[in-house]
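Colleague: Residue numbers (the working numbering), protein chains in the order written: chain A, 1 to 126; chain B, 127 to 400; chain C, 401 to 537.
Accuracy of the hints is not assured; some may be wrong.
Below, computed lysine-lysine pairings styled on BS3-like, alpha-carbon distance capped at 27 Å [stated by the list, open to error]:
#, chain 1, residue 1, chain 2, residue 2
1, C, K516, A, K123
2, A, K43, C, K515
3, B, K137, B, K161
4, A, K48, A, K125
5, C, K473, A, K42
6, B, K143, B, K213
7, B, K161, A, K24
8, A, K48, A, K65
9, C, K524, A, K42
10, A, K123, B, K192
11, C, K524, C, K495
12, A, K123, B, K147
13, A, K42, C, K419
14, C, K495, C, K473
15, B, K250, A, K65
16, C, K513, A, K42
17, A, K42, C, K516
18, A, K77, C, K473
19, C, K470, C, K495
20, C, K470, A, K65
21, B, K147, B, K192
22, C, K495, A, K42
23, C, K419, A, K43
24, C, K419, C, K470
25, A, K24, B, K137
26, A, K65, C, K524
27, C, K419, A, K77
28, A, K77, A, K43
29, B, K334, A, K24
30, B, K334, B, K386
31, A, K77, C, K495
32, C, K470, A, K42
Looking from chain A toward chain C, a few residues come up when the C-beta cut is under 10 Å (computed) [as the list claims (entries may be wrong)]:
#, residue
33, L64
34, P80
35, Q112
If you are wondering where the hints come from, they were derived from the structure by calculation, not from laboratory data.
From a predicted model like this one, the values you see are computed outputs, not experimental measurements.
Beta carbons: idealized from backbone N, C-alpha and C, even for Gly.
One-letter residues, chain by chain:
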Amino acid sequence: MPEYTFLVVEDSPTMRQLISFALKRIPGSTIVEAGDGIDALKKLSNQKFDVILTDINMPLMDGLKLVSMVRNDPTYKDIPVIVITTEGADDARERGISLGANAYVSKPIQTQDLLNTVNEIIKSKA
Amino acid sequence: MAKDSDSLSKKVENFLKVFKKGEEFTQELLQENEKLRYRLAQQEEVSKSSGRGEALNEQALEERLKTLEDENKSLLDRYHQVEEENKDFANRYIEVETENNNLANLYVASYQLHSTLDFNESLKIVLEIVMNLIGAEEFSIMMLDEKTNELSIVAQEGMGQDARKSIKMGSGIIGQVAKTGDAFYRDGDPTNLKGIDYTHPLVTIPLKIKEHVIGIIVIYKLLIQKTEFSNVDYELFSMLAGHAATALFSSKLYSQSERKLTTIQSFLDLLKEK
Amino acid sequence: MEKVRKTILLADDEPEILKSIGEILERFGYNVIARPDGHAALSVIREGTPIDLVLVDYVMPGMDGLELLKSLKELAPDVPLVLFTGNSTIEAYLKALGLGVHEYVNKPVTAQKLKKIVRAAIEKGQADAPSSASQEC
Chain A
1 MPEYTFLVVE DSPTMRQLIS FALKRIPGST IVEAGDGIDA LKKLSNQKFD VILTDINMPL
61 MDGLKLVSMV RNDPTYKDIP VIVITTEGAD DARERGISLG ANAYVSKPIQ TQDLLNTVNE
121 IIKSKA
Chain B
127 MAKDSDSLSK KVENFLKVFK KGEEFTQELL QENEKLRYRL AQQEEVSKSS GRGEALNEQA
187 LEERLKTLED ENKSLLDRYH QVEEENKDFA NRYIEVETEN NNLANLYVAS YQLHSTLDFN
247 ESLKIVLEIV MNLIGAEEFS IMMLDEKTNE LSIVAQEGMG QDARKSIKMG SGIIGQVAKT
307 GDAFYRDGDP TNLKGIDYTH PLVTIPLKIK EHVIGIIVIY KLLIQKTEFS NVDYELFSML
367 AGHAATALFS SKLYSQSERK LTTIQSFLDL LKEK
Chain C
401 MEKVRKTILL ADDEPEILKS IGEILERFGY NVIARPDGHA ALSVIREGTP IDLVLVDYVM
461 PGMDGLELLK SLKELAPDVP LVLFTGNSTI EAYLKALGLG VHEYVNKPVT AQKLKKIVRA
521 AIEKGQADAP SSASQEC
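Chain A on its own, in the form it takes in the complex:
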């Protein structure tokens, strides 16, 4: 069975738990959580990840900066990134995509929607 490691970057513990909860339903998934962009970078440098899911608005380092850091680093630039945006915040979403995010999911998160997006990305990488 294939195994996937996800990095969930969210400052809100509620959202983090909800996203992790959904991702746990993907067979063979391991989930690592980070509370902000810098925490995420530290976790990135410690282990391999298959997909990064990140919120946009976060303290210390926001999701957009995280996307550009990941895309600019030769070691990590191929990791797919999904940005989690608030519906209506089209601006942030577009910037995320233009910085190199692969997809976006809107809040309030629909589990099925999130899983479909993640599965599509996993499939396209396989």
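Given the coordinates of chain A, work out where chains B and C should sit on it, guided by the hints.
Modeller: Structure of chains B and C alone, referenced to chain A:
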């Protein structure tokens, strides 16, 4: 939860297999049927030329053909039946899946609500649930001051200037909800495209400990794409009514007693110094 | 905030960049001291010139940005640091943060963005001073 959906999907799979076999079998029968018809036609040709000698044989064949056709029909019926059952299972699968997600939302919300004894953190969690799990754009949390009998905003999101900061118990829709302890749901367009009337909220949820109202959650506007409340939203509302109330109440009590404790402690320290 | 002109110490080994960024910063009303390498930049600090912000290229001959940062942090622990770089890696970024860098900018950078970053770093430096300016890392 996951096990249920697993076994359900397995059942669905099995039915699909049975259904596939039935289909194949029907196909075979149809082919055989076709062959028999062909042979019958041949026989007729032959019997025409060879006279009545073959008549008996012909009758037997015709009977056989009829049985096969009957069998064929009953198989088709069975096939339709299985198909119906299959549809039922697929629908139930979707239902279970939705239920699953709803339970996950409720679980996460109540888990988070009781994860802290800090009043401000509790407040933040309530805000997040209303914002991210329900999808509200403009809303406030008001707490009741028992001395003045007034509700005042302790946290809010996206609200305009003309929103009232405090409301007397019993006054207007919001005050009434606080007084009676019954939630209020407004009918009609939840997106509030025509602008927001802060005296006519979309939803007003009393925060209750038993029958005692300690505050309320008032929602004025939902996010654009959220056009209606789903079942799980109502579940979340009733969960919030009880759990947000106890979480906010106990964290407030806790911080008060903490403060008292530090005051007493510093008194004691002062005494010791003397 | 204050009307006093802030002084920025700028170090980059590419004369073109040194000149253009220096001009941009001056246009925004900053006093700029430009140096072509790390050693020269350090000696400005050693002379006791008051500096409000150090803006330094990450890779320079003789002494790279990280080394320079280490020495800077020893000499002037309260001066905010902004590092900019052509190709950044996450490891280098984390290391820089560990040394108390305020911001890390990927080149090329627009004038507007530079202005925003510089202003934020100076403000933060003032807010943090004299306590340690380092981020948790």
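Colleague: Now tell me, hint by hint, if it's right for this structure.
Modeller: Against the structure, the hints:
At most 27 Å may separate the alpha-carbon atoms for a hinted pair to count; K516 (chain C) and K123 (chain A) exceed this at roughly 40 Å. In summary, the hint linking K43 (chain A) to K515 (chain C) is not supported, as the alpha carbons are separated by about 31 Å, beyond the 27 Å threshold. This hinted pair does not check out: K137 (chain B) and K161 (chain B) have alpha carbons roughly 36 Å apart, beyond 27 Å. Of the pairs offered as hints, the one joining K48 (chain A) and K125 (chain A) holds, with about 15 Å between alpha carbons and a cut-off of 27 Å not exceeded.
Annotation: proposed proximity of K473 (chain C) to K42 (chain A) holds, straight-line Cα distance about 22 Å (limit 27 Å). A hinted pair counts as satisfied when its Cα atoms are at most 27 Å apart, and K143 (chain B) with K213 (chain B) qualifies at roughly 14 Å. Simply put, K161 (chain B) and K24 (chain A) have alpha-carbon atoms about 55 Å apart, too far for the 27 Å limit, and the pair is violated. For the given pair, K48 (chain A) sits about 20 Å from K65 (chain A) by alpha-carbon distance, which is consistent with the 27 Å threshold.
Proposed proximity of K524 (chain C) and K42 (chain A) is supported: the alpha carbons are some 23 Å apart, at most 27 Å. Between K123 (chain A) and K192 (chain B) the alpha-carbon distance is near 51 Å, which puts this suggested pair outside the 27 Å criterion. Pair hint K524 (chain C) plus K495 (chain C) holds up; C-alpha atoms about 20 Å apart against a cutoff of 27 Å. The straight-line distance between the Cα atoms of K123 (chain A) and K147 (chain B) is roughly 30 Å, outside the 27 Å bound, and the hint therefore fails.
Proximity of K42 (chain A) to K419 (chain C) is assessed by CA-CA distance (about 35 Å); at most 27 Å being required, the pair is judged violated. Proposed proximity of K495 (chain C) and K473 (chain C) is supported: the alpha carbons are some 13 Å apart, at most 27 Å. This hinted pair checks out: K250 (chain B) and K65 (chain A) have alpha carbons roughly 25 Å apart, not beyond 27 Å. Between K513 (chain C) and K42 (chain A) the alpha-carbon distance is near 25 Å, which keeps this suggested pair within the 27 Å criterion.
Between K42 (chain A) and K516 (chain C), the direct Cα distance comes to roughly 26 Å. Compliance with the 27 Å bound is thereby established for this hinted pair. About 31 Å separates the Cα atoms of K77 (chain A) and K473 (chain C), which puts this hinted pair outside 27 Å; it is violated. With a C-alpha separation of about 11 Å, the suggested pairing of K470 (chain C) with K495 (chain C) holds against the 27 Å cut-off. Distance restraint check for K470 (chain C) and K65 (chain A): the Cα-Cα separation of roughly 25 Å lies within the 27 Å cut-off, and the hinted pair is therefore satisfied.
Among the hinted pairs, K147 (chain B) with K192 (chain B) is consistent with the structure: their alpha-carbon atoms are about 23 Å apart, no more than 27 Å. Between K495 (chain C) and K42 (chain A) the CA atoms are separated by roughly 10 Å; this keeps the pair inside 27 Å, and the hint holds. For the hint pairing K419 (chain C) with K43 (chain A), the CA-to-CA distance comes to about 38 Å; that exceeds 27 Å, so the pair is violated. With a C-alpha separation of about 25 Å, the suggested pairing of K419 (chain C) with K470 (chain C) holds against the 27 Å cut-off.
Of the supplied pair hints, the one linking K24 (chain A) and K137 (chain B) holds, its CA atoms being roughly 23 Å apart against a limit of 27 Å. For the suggested pair K65 (chain A) and K524 (chain C), the alpha carbons sit about 19 Å apart, so the restraint of at most 27 Å is met. Distance check on the hinted pair: K419 (chain C) and K77 (chain A) sit about 32 Å apart at the alpha-carbon level, beyond 27 Å; violated. Of the supplied pair hints, the one linking K77 (chain A) and K43 (chain A) holds, its CA atoms being roughly 15 Å apart against a limit of 27 Å.
This hinted pair does not check out: K334 (chain B) and K24 (chain A) have alpha carbons roughly 34 Å apart, beyond 27 Å. Restraint check: the Cα-Cα separation between K334 (chain B) and K386 (chain B) comes to about 26 Å, which is no more than 27 Å; the hinted pair holds. With a CA separation close to 19 Å, the supplied pair K77 (chain A) and K495 (chain C) stays within the 27 Å bound. For the given pair, K470 (chain C) sits about 21 Å from K42 (chain A) by alpha-carbon distance, which is consistent with the 27 Å threshold.
The beta carbon of L64 (chain A) is not positioned within 10 Å of any beta carbon in chain C (closest approach about 12 Å), and the interface hint is therefore violated. Residue-level restraint check for P80 (chain A) is violated (minimum Cβ-Cβ distance to chain C is 16 Å; threshold 10 Å). Contact between Q112 (chain A) and chain C, as hinted, is not supported at the beta carbon level, the nearest pair being about 32 Å apart and thus beyond 10 Å.
When the structure is compared with the earlier hints, violations turn up for hints 1, 2, 3, 7, 10, 12, 13, 18, 23, 27, 29, 33, 34, 35 and for no others.
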